[in-house]
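Top to bottom, those sequences are chains A and B. Residue 17 in this note's numbering sits at position 28 of the first sequence, and the numbers go up by one each step. Residue 557 in this note's numbering sits at position 575 of the second sequence, and the numbers go up by one each step.
Any given hint could turn out to be false.
Claimed, not checked - Okay, the calculated bits of chain A under chain B, using three or more residues with CB under 8 Å as the criterion:
#1 49 to 62
#2 110 to 120
#3 123 to 136
#4 152 to 160
It is worth saying that the hints were derived from the structure and are not from the lab. Note that beta-carbon positions come from the ideal geometry of N, C-alpha and C, so glycine has one too.
Listed here are the chains, written in short residue letters.
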Amino acid sequence: MNLHLSTFLLALAGSAATGARGEAAPAPVPPGPGAALLASGAAADLKFAEMFRLPIGPRGLEPSARLLALAGTQVRLVGYMASAEHAVAGRLVLAPLPVSLGDEDDSLSDDLPASAVFVHLSPAHAGHVVPNLHGLMQLTGTLQLGAQEEPDGHVSSLRLLLDAATSQRLVEAADRAGATPVRRP
Amino acid sequence: MNQRLFRPALCGNLLAATLAASFNLAQAAPTVSRLTPPSNPVLETATTLARFLPGQRFDLQATVQPSADAGIASVAFAVDGVTVARMAHDGTPANQYAAHTGLVKTGLVSGLTAGTVVASVRAYANTKPGLHSLKVTATDSAGGSSTRVGNFEVVAINAGNGRRAKNIIFMLGDGMGAAHRTAARIMAKGYLQGKAQDRLAMDTFPFTGMVMTSSLNSIVTDSAPGMSNYANGNKAQNNQEGVFPDDTTDVFDNPRVEYLSEYLHRLKGTSTGIVTTADVFDATPAANAVHTASRGAGTGIVDQYLDDRHLTGLKVLMGGGRKWFLPNATDSTKPQPLNGSQRRAASDYVLGADLQAGWGASAGAIDADRDLLADFQTAGFSYASDNASLQAAGTPAKLLGLFAYSNMNVAFDKVNGRRGTSSIVADYGFPDQPMLDDMTSIALKVLNHDNRKGFVLMVEGASIDKQSHLMDSDRWILETIEFDRAVQKAREFAQANPDTIVIVTADHECSGAAIIGASMVTDAALRAKASNTAEMRDSVVGVYEAARFPRYAIAADGYPQTTDVDHKMLIGYGANADRYEAWVSNPQPTQDSQQPFVGQAPLNTYPASPNLRNASTGYLVVGQVPGDQAVHTATDVPLSAFGRGASLFTGVFDNTDVFFKLGQIVMGGVR
Chain A
-10 MNLHLSTFLL ALAGSAATGA RGEAAPAPVP PGPGAALLAS GAAADLKFAE MFRLPIGPRG
50 LEPSARLLAL AGTQVRLVGY MASAEHAVAG RLVLAPLPVS LGDEDDSLSD DLPASAVFVH
110 LSPAHAGHVV PNLHGLMQLT GTLQLGAQEE PDGHVSSLRL LLDAATSQRL VEAADRAGAT
170 PVRRP
Chain B
-17 MNQRLFRPAL CGNLLAATLA ASFNLAQAAP TVSRLTPPSN PVLETATTLA RFLPGQRFDL
43 QATVQPSADA GIASVAFAVD GVTVARMAHD GTPANQYAAH TGLVKTGLVS GLTAGTVVAS
103 VRAYANTKPG LHSLKVTATD SAGGSSTRVG NFEVVAINAG NGRRAKNIIF MLGDGMGAAH
163 RTAARIMAKG YLQGKAQDRL AMDTFPFTGM VMTSSLNSIV TDSAPGMSNY ANGNKAQNNQ
223 EGVFPDDTTD VFDNPRVEYL SEYLHRLKGT STGIVTTADV FDATPAANAV HTASRGAGTG
283 IVDQYLDDRH LTGLKVLMGG GRKWFLPNAT DSTKPQPLNG SQRRAASDYV LGADLQAGWG
343 ASAGAIDADR DLLADFQTAG FSYASDNASL QAAGTPAKLL GLFAYSNMNV AFDKVNGRRG
403 TSSIVADYGF PDQPMLDDMT SIALKVLNHD NRKGFVLMVE GASIDKQSHL MDSDRWILET
463 IEFDRAVQKA REFAQANPDT IVIVTADHEC SGAAIIGASM VTDAALRAKA SNTAEMRDSV
523 VGVYEAARFP RYAIAADGYP QTTDVDHKML IGYGANADRY EAWVSNPQPT QDSQQPFVGQ
583 APLNTYPASP NLRNASTGYL VVGQVPGDQA VHTATDVPLS AFGRGASLFT GVFDNTDVFF
643 KLGQIVMGGV R
């Protein structure tokens, strides 16, 4: 294997543990039962493999007890941004594997794993287009469960709502990635 | 004169007024801005555009725009001078086709004059071979009238022309051009001293022709018209399947052209099978059974597979796309547990009365909360969710297989999953997906059971195209090998059942793939190369005699033990986007995220972290096309035929011609 194992890690913790910034509590979604288990302000690590019963059964996805317990609470996800031919403002898709969203030829016939999470930037950045970023990303935000229609035609089952500070850091990191071109030799 | 020039209505009214003033028109009249089916100019030398088998159903339609002075009063259609249907704007029907006609005044696209109507005659059919004239006459309330003339052809079937085929097996390698076939042969069979050591199954088919693949609106098609043109003998626009374009916003009300599956089911009682490795709503499978102007309208597409099975005789449906078959209760009063459903109201279907009456099609309903999987089972379909349940299904009367959430995983990853060298399929949550040859065998077993009337089976190797878009050479070559193993099953069936025709073809070529040579170095040396052009390209790419004969050891499961052999075959791309090429196989199913492998412009994707600046492997190959994926090309594709009537498939022909050849073979026979 020729992979360089260094990873591009964007650690964007927006939890209110950073008392110095005095951030307000992030999400309007009422915290699920898992909230009681966490220390105030701490985010729970959630792996993609923990979200649904694996392998997937004969019908649809079956959320794990852990996923249901964490609904509405702060979670930390590590994954890859699914690269898109046509970016959608205000959101990106985080997946356990580096994949591409379907191109014009494929539309919704895609290679997106079922556990992909639709990450929503904060309302302040709703119009911001995040360019395709490569490498592992770590994002923290409020986990939201339930079917919801997305503007591009997808129906998301899982969403991560970034708070204002996390969203700001993501946008800045994306802008830096786009703004410093390094030509290959 | 009664006719007035029409211009797209951006400045239509102003221009119209100007024209009226300058030409001093005595009387304004309506304008027919679209007549369907579309015609070539009525010239003796023009090839007729719209062609149909005798009795094949299709819709007549006209878009009529009023003049500024008077509203539309009536629209009448005539074929060969004989009125077929006449519709009055106020709704009084005056013709035998009354139930089949519709006059639509709302839900039209923007840019049309106020008061425009779209008039349709649904499920018209003509059995008389030859060229026919089509005329639409529109009148307005001020007594003005205008006409527009077109034509269509009914292609004769030579009856009693020899032995007929009962079964059709249509093997479609999506995006599979000549280079894709050649590369699969080199890898799977090997060459020595200039000779292929064995043939692909598709190489053994005795008749081969070349197919022109363009769509109604471009030399470069996509998979929707790519399949639809074969399946109903008419050109469709990119993104559209089984329909002609129209001027309404509804994507399920477009003028239809009957598919081979529907035509033969109606006339002969045949059954239909659709097998794919893609999401079953995708264009290639859908363009055998479902009529829509939007290949992406997934909810309505999958619903109609079931709801209109009485039109197609659907007995087998297999592939990915389980996400469409689960109830989605967004905004409903019956909340569903989270299940990953992709159903939504905006992509669902409801049909007007004219389509229902004319075609016998189901009304449809906006029902994102429908449990389509349960409905299939209630309708008598056995259900298989993985390879184990597929193999255990026996020989049910009807079979539904949904093996993945969207697209199935590719052969490269399925095979490595079975060998235990990759966890990709497990990561996706579907570790036990069947191979396409197994899906094909079982589909044939089900369709051939108690098979008195014959069947039409379409089998698609879908990710030859998808991986070609991603320029993942190792993966599309293995997809082609998997597809060829399915072709072998079809060939064996046709040998055992001689009243069968098997076609192997492609909807279009994808990526401009080319076998440019082979690596001049071993795999180990390749991985040690530095990431620059001099190292990765100049000292690696062996051209001409430096390519020699790449050799791949084939494992017992029929696939290469590894594609990363010493001196491996190298693939270039003529329709490529920017990519970094390192020649070694990617462990992940798409471009490796550790490297800016196929960014958009390199500007946007180069990571900011200094750790990664020199971490990528491969050298930059600048793309011919923008974006980050390779595209389709207009290159002709080879078509190979085996079995009864195969001799018809030689020469260079249009993809629409294939429909008529199949019609002749099944209805009239071939000597």
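Hints, one by one, checked against the model:
Under a criterion of three residues with beta carbons nearer than 8 Å to beta carbons of chain B, the stated coverage of the region 49 to 62 of chain A is upheld, 4 such residues being counted. Coverage of a stretch by a chain is defined here by at least three residues with a beta carbon nearer than 8 Å to that chain's beta carbons; for the region 110 to 120 of chain A and chain B the count is 1, and the condition is violated. Under a criterion of three residues with beta carbons nearer than 8 Å to beta carbons of chain B, the stated coverage of the region 123 to 136 of chain A is upheld, 6 such residues being counted. Look at the region 152 to 160 of chain A against chain B: 0 of its residues bring a Cβ nearer than 8 Å to a Cβ of that chain, fewer than three, so the hint is violated.
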